Amino acid sequence: MPAGLVSRRTAVKFASFIALAAHSWSSFPARAVTRSPQGYGTDPNLLKRTVTWPRTLSTRQLLALERLCDIVLPAEPAHPSAAAIGVHVFLDEWVSAPYPQMAADRALILRGLTALDEAAHSELGMVFTAANVSQQAAMFDRLCSTEATAEFSRRLIQLVCAGYYTTREGHAAIGYVGNVALTGFPGPPAEVVRHLDAALKELPQTSVTT
Amino acid sequence: MAAYVLSHGGVNVLLLEAGRSYDATAESAMFQVEADAPLNGAGTPDKFFGFYDAAVGGYEVPGEPYTVAQGSQFQWWRARMLGGRTNHWGRVTLRYGPYDFRTFSREGVGVDWPISYEDIAPYYDRVEKLIGVFGAAEGIENSPDSPPGVLLPPPPLHAHELWMQMVLAKQMGIRAVPEHAAILTRPLNGRPACLYATPCSRGCSIRANFQTPTVLLPPALATGHLQIRTRAMVYELTLDRRGRATGVHYIDTSTGTRHFVRGRAVVLAASACESARILLNSKSGPFPDGLANSSGQVGRNLTDSVTTAVSAEIPVLQGIPPFNDDGVSISHATVPWWGHRERAAGRLQFPTEYHVEMQGGRSMPSVGMFNQQLPNEHGKPLYGKALRERMRNDFGSKVTLLSFGGMIPNAECRCEIDSSVKDRWGIPVLRFHWKRGVHELEQARHAVASMSGMVSAMGGKPTVFTQADGSFISTGGQIVHEVGTARMGAAATDSVLNSFGQCWDVRNLYIADGASFAGHADKNPTETIMALAWRASDHLVDSFVRKEI
Chain H
1 MPAGLVSRRT
11 AVKFASFIAL
21 AAHSWSSFPA
31 RAVTRSPQGY
41 GTDPNLLKRT
51 VTWPRTLSTR
61 QLLALERLCD
71 IVLPAEPAHP
81 SAAAIGVHVF
91 LDEWVSAPYP
101 QMAADRALIL
111 RGLTALDEAA
121 HSELGMVFTA
131 ANVSQQAAMF
141 DRLCSTEATA
151 EFSRRLIQLV
161 CAGYYTTREG
171 HAAIGYVGNV
181 ALTGFPGPPA
191 EVVRHLDAAL
201 KELPQTSVTT
Chain S
1 MAAYVLSHGG
11 VNVLLLEAGR
21 SYDATAESAM
31 FQVEADAPLN
41 GAGTPDKFFG
51 FYDAAVGGYE
61 VPGEPYTVAQ
71 GSQFQWWRAR
81 MLGGRTNHWG
91 RVTLRYGPYD
101 FRTFSREGVG
111 VDWPISYEDI
121 APYYDRVEKL
131 IGVFGAAEGI
141 ENSPDSPPGV
151 LLPPPPLHAH
161 ELWMQMVLAK
171 QMGIRAVPEH
181 AAILTRPLNG
191 RPACLYATPC
201 SRGCSIRANF
211 QTPTVLLPPA
221 LATGHLQIRT
231 RAMVYELTLD
241 RRGRATGVHY
251 IDTSTGTRHF
261 VRGRAVVLAA
271 SACESARILL
281 NSKSGPFPDG
291 LANSSGQVGR
301 NLTDSVTTAV
311 SAEIPVLQGI
321 PPFNDDGVSI
331 SHATVPWWGH
341 RERAAGRLQF
351 PTEYHVEMQG
361 GRSMPSVGMF
371 NQQLPNEHGK
381 PLYGKALRER
391 MRNDFGSKVT
401 LLSFGGMIPN
411 AECRCEIDSS
421 VKDRWGIPVL
431 RFHWKRGVHE
441 LEQARHAVAS
451 MSGMVSAMGG
461 KPTVFTQADG
471 SFISTGGQIV
481 HEVGTARMGA
491 AATDSVLNSF
501 GQCWDVRNLY
511 IADGASFAGH
521 ADKNPTETIM
531 ALAWRASDHL
541 VDSFVRKEI
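The listed protein sequences derive, respectively, from chains H and S.
Each step along the first sequence adds one to the number in the numbering used here, with nothing skipped, and position 16 is 16.
Each step along the second sequence adds one to the number in the numbering used here, with nothing skipped, and position 164 is 164.
It should be emphasised that the hints constitute simulated quantities derived from the structure, not laboratory data.
Small disclaimer: the values here were computed from a predicted structure and weren't measured.
Hints may contain errors.
Claimed, not checked - Which stretches of chain S does chain H cover? Using the computed rule of at least three CB atoms under 8 Å from a CB of chain H, they are: (1) 23 to 31; (2) 62 to 68; (3) 147 to 157; (4) 230 to 236; (5) 249 to 258; (6) 322 to 330; (7) 427 to 438.
What the hints assert, rightly or not - Pairs of lysine to aspartate or glutamate residues, derived as EDC-like cross-links and limited to a Cα-Cα distance of at most 16 Å, are as follows: (8) Lys48/H x Asp36/S; (9) Lys170/S x Asp197/H; (10) Lys283/S x Asp240/S; (11) Lys48/H x Glu27/S; (12) Lys170/S x Glu76/H; (13) Lys385/S x Glu76/H.
Yeah, the Cβ is synthetic: ideal placement off N, Cα and C, and Gly gets one too.
Input sequences plus hints: build the corresponding full structure.
Have a look at this one:
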């Protein structure tokens with residue numbers, strides 16, 4: 001049951017992020033939520049994508065994330081950008097979810113968006129979303145290099161990758177070509193085996209002990 | 001397993017399941033990608049192992065708490081569905097070896113089992129033939145081969161496993177061999193072979209992996225001797241004046257009503273700790289400390305596998321052109337314990353064995369893959385075109401080695417009733433005590449060093465997995481291999497069960513889950529649980545025939 005060991009780390013993070021979530025704040029006005037959202041429960045229908053909580057980001061917050069999605073993973077030939085396949089909507093679903101990890105991410109993401117707005121005001125006299133694409137990219141780049149906002153940029157990049165590469169479009173972009181029924185498993189192709197054979201020959205003969 | 005064997009033996013069986021009914025053929029999410037799920041399938045407190053995990057249950061079950069003694073850490077994973085943990089398990093199907101039944105005789109610690117490998121081997125054969133297990137005969141000390149014709153052919157190794165196999169053989173003289181797993185690589189008993197896509201943990205709608213509801217219960221029902229009642233939470237066993245079990249009390253969790261069913265015999269198979277809980281909550285004049293507990297051993301000797309993990313990026317696996325490396329979704333290779341010579345020479349400081357399994361490769365991307373350090377240069381995270389290129393280049397190159405080791409029971413690892421806390425049904429809950437022994441800590445240190453050497457030899461820079469508290473060893477219950485809470489033994493004074501899983505104190509009460517284990521080897525426990533359950537059930541059928549019960 002190896003998954004348990006790795007997942008425990010996530011569980012611990014859930015707990016440690018509860019305190020952070022209590023301090024969630026933002027200069028961006030969020031949508032009003034009129035009811036307490038519930039999670040999907042411990043026994044949801046696995047064949048149906050039912051999201052039981054409302055998305056709560058404001059139009060401007062969502063637009064800012066849409067721009068950031070295209071900065072983190074822009075389009076390249078044959079592969080759409082993160083925003084083109086709606087990763088910003090995934091981010092809205094994520095930071096609106098009624099779970100501690102997501103609540104902690106919400107606090108972090110909204111702080112980052114506020115920092116971007118403050119930078120835009122300071123440098124350009126406008127909000128982040130009003131800046132042009134190259135100005136937005138430059139501001140995000142500076143956030144990546146600034147210690148106070150590095151945590152935001154790293155987590156945003158993680159979440160954009162998670163939202164992108166778990167889609168069919170993302171599979172094509174990263175080179176995942178499985179999830180298709182086979183009558184038999186052939187193993188790695190001959191060219192891969194040759195590559196490994198060649199690499200093995202280059203290894204030193206010295207024995208490694210444990 | 002007990003219901004299958006007993007019903008085929010002509011015994012009328014009523015199976016009581018605490019959770020809901022479950023139909024893997026209708027409920028499994030087979031070809032959905034993670035993005036088809038809420039939060040793109042990420043794990044949450046509601047679905048700990050991800051949205052698509054087939055399990056109904058987890059480390060936390062709403063309304064069913066447990067407590068942990070001060071200074072201890074323990075997690076209790078529970079299933080609340082027909083088929084229980086067999087819907088969730090990793091499908092790794094390893095036989096205990098001859099040494100594993102003689103721990104005290106060989107190492108001077110723990111206890112010997114009251115049975116030998118030869119006693120259980122025929123049942124391993126039967127289990128493997130019935131459920132379908134792939135693997136190969138490799139002639140490895142204390143990792144028994146199956147007889148010819150029993151196992152199905154193993155699939156070829158994944159690319160990362162092939163590299164590990166090549167490197168370990170050349171650089172370290174250690175063998176990586178085909179895994180043994182309960183997944184069909186050939187059709188068997190009307191079940192089709194695996195289609196080499198979609199993770200087993202989601203459940204298998206074509207019945208190619210082993211889950212009780214798809215493999216054991218349909219033929220058991222077909223005998224006409226099995227009835228199944230779900231949402232039936234058993235909480236107490238009853239005795240007659242002669243000390244025989246008369247039946248069980250249970251709560252219908254859909255209505256909250258209480259019921260009693262009578263039986264000529266009772267077989268407990270509720271999972272190691274839940275079975276102990278039922279016994280400890282079944283107090284009576286003859287058994288004030290819990291049913292079948294004259295030895296005082298019920299709830300004691302609790303063990304779980306000792307696991308450590310080491311990860312690395314392997315450069316030789318980077319930049320490889322895309323190819324389908326899904327396979328059967330679990331590891332195709334394992335590294336059986338290789339330290340027998342070292343132990344014989346007295347160079348090891350621990351008496352247990354461990355084996356190494358490997359995760360990684362080009363499996364379907366999940367959210368968890370990105371919840372870790374992503375590429376950066378000069379301390380600045382990559383993004384844009386450079387990130388795309390790195391993600392594509394590095395995909396499939398991350399590997400994680402995991403050690404699974406045996407554990408010596410100790411007095412500080414146990415469960416008992418916490419009478420101050422009751423669950424939503426009013427049933428007193430368990431309190432867990434846990435402390436790893438010195439043997440396990442030494443084993444874990446050795447495993448981390450060994451696996452670091454392995455990934456270094458493969459060309460990677462090892463990162464040792466650590467928990468939030470800085471520990472590098474799994475906590476109790478985390479690996480969901482807990483066993484031993486009603487152990488079998490040679491004498492009624494220090495064990496709960498005889499060698500057939502029959503209670504010394506109550507002759508028509510059997511235990512057919514991991515509670516019966518007298519020791520904890522490195523091998524994953526499921527196949528031994530099934531083999532022992534089959535052996536116990538045969539004994540019960542024979543006892544009925546001989547009119548001993």
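Please list, smallest to largest, the hint numbers that this structure does not respect. 2, 4, 5, 7, 12
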